[in-house]
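Protein chains in written order, with my numbering: chain A, 19 to 246; chain B, -13 to 237.
Fair warning: there could be bad hints in the mix.
Now the in silico label distances, taken between C-beta atoms and shown as ranges [what the hints assert, rightly or not]: (1) 223(B) / 226(A): 42 to 52 Å; (2) 144(A) / 223(B): 39 to 49 Å; (3) 70(A) / 31(B): 40 to 50 Å.
Quick look at which bits of chain B chain A covers, simulated, 3 or more residues with Cβ under 8 Å [claimed, not checked]: (4) 61 to 74; (5) 122 to 134.
Just a sample of chain B residues kept apart from chain A, beta carbon distances all over 12 Å, derived [as the list claims (entries may be wrong)]: (6) 45; (7) 48; (8) 97; (9) 137; (10) 166.
Treat the hints as calculated values from the structure; they're not laboratory data.
Just so it is clear, CB atoms sit at the ideal spot from N, CA and C, and this is done for glycine as well.
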Amino acid sequence: MHAIDFDVIQRSLPFLWKGLQFSVQLTVTAMIGGIILGTLLAMMRLSSFKLLYLPATAYVNGIRSIPLVLVIFWFYFMVPLILQAVTRAPSPVHVGPEKSALITFILFQAAYYSEIMRAGIQSVSRGQVSAAYALGLTYFQSMAQVILPQAFRNMIPILLTQTIVLFQDTSLVYVLSITDLLGAAVKTAQRDGRLVEMYVFVALIYFVLSYALSELVKRLQTRVAVIR
Amino acid sequence: MNYNWNWKIFWEPVAAGNGVYWEWMVSGLAWTLSTGLLAWVIALLIGVVIGVIRTTPLIWAVRLGNAWVELFRNIPLLVQMFLWYFVLPEVLPFGLGTMMKQMDPPWASFAPAVLCLGFYTSARVAEQVKAGIQSLPRGQTLAGTALGLTMVQTYRYVTLPMAFRIVIPPFTSEFMNIIKNSSVALTIGLLELTQRASDMSEYTFQTFEAFTAATTLYIMVTLIVVYGMRQLEKKVQVPGFIGTGGQGGGR
């Protein structure tokens, strides 16, 4: 085994920092987009209207049964074609791997967040829904003012745990050669021939961040728990 | 959309090599399944042991188990894949590393992929086993002790038989995860289903057909596994104890 070169880590820190910024940006955007879209999907799945729940169920189950890597490939190929059809452009719209990854992660995570939100909505007792209707609130009013706030509160720990999973999953944008945290590490490792140092270091960064976040979630869990 | 549909592409000969394209997809599926199944065996063996020791009163064992789970849960699978494939051969002593590097092509990526997926999933299995054991009423363990059973006997005859039935639905989704996660092994050169679809799309430009075939195969595997596990769940059900049926796999 060759001597360990700590210098390569120090030299590549600014580059890794840039990569980490992209990873975090992707995680946060996909979380916000995914939760909003996921909540809509969950509402569709809980509706008694076939035209709403059948497509939503098919989408969620379909996305959840294929690997993320395949979903990334699918969207990288489909998004330019869909945009071309929508905008009636003469040729497929050039999107670029970063934007494509962003769209993919929002749409992919929405399926997982929707399962959490569905459980969250169902965790609100039936009586509250009836009470909201009895007060004369419409469906959207009762959702926005009575059910969803409680559903969110009940599900905050699970939503955040899913976000930690999402943060780790963003490393898969590697397959599109994007410079996220892992991408930056891989590029430095290959340029300087320092695979051992870079991969161990990047594993350490991911571990520290994910572990710290999951400890935070654990603490939050005891705080936001609703006393019934 | 200007797209040249050509579903007959699967019966056309492969541009580089032997056979036709559908054989590529089938061979990809075979690698996906064998990677997933072998890794599942490792995950079960380690995961059950780690999960069980985390419920014992032995503090050092609980800490060891917790450390194991945190280690494998907080590093992305892709990074772990690189650690097994690129880093491990460099740090292994006694020429073992050189041996790993000199394995013939499919095995050089297959072996690290199986080990990586197995260890990664063992942490998740351990979590499920622990949760399953802890969901049992405490009275069962106490009753075991009261009957004069030792700790090992209590686990063997009282706790584990019930716990294993409880964890069948979460195990179903973990097994599905291992099949899906095996696609990450394409980054270390394993020619599994997703890689085959991607290769086919690169050679033929029939991307839609190739990805549709892969997607269909993954969904079929999901359906078969969910069905099989539901049958198993019904078969091993203890009458009057755990209600089963509609809730299998959480789907």
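Report task. Hints the structure violates: just list their numbers, smallest first. Result -> Hint check: 2, 5, 10 fail, others pass.
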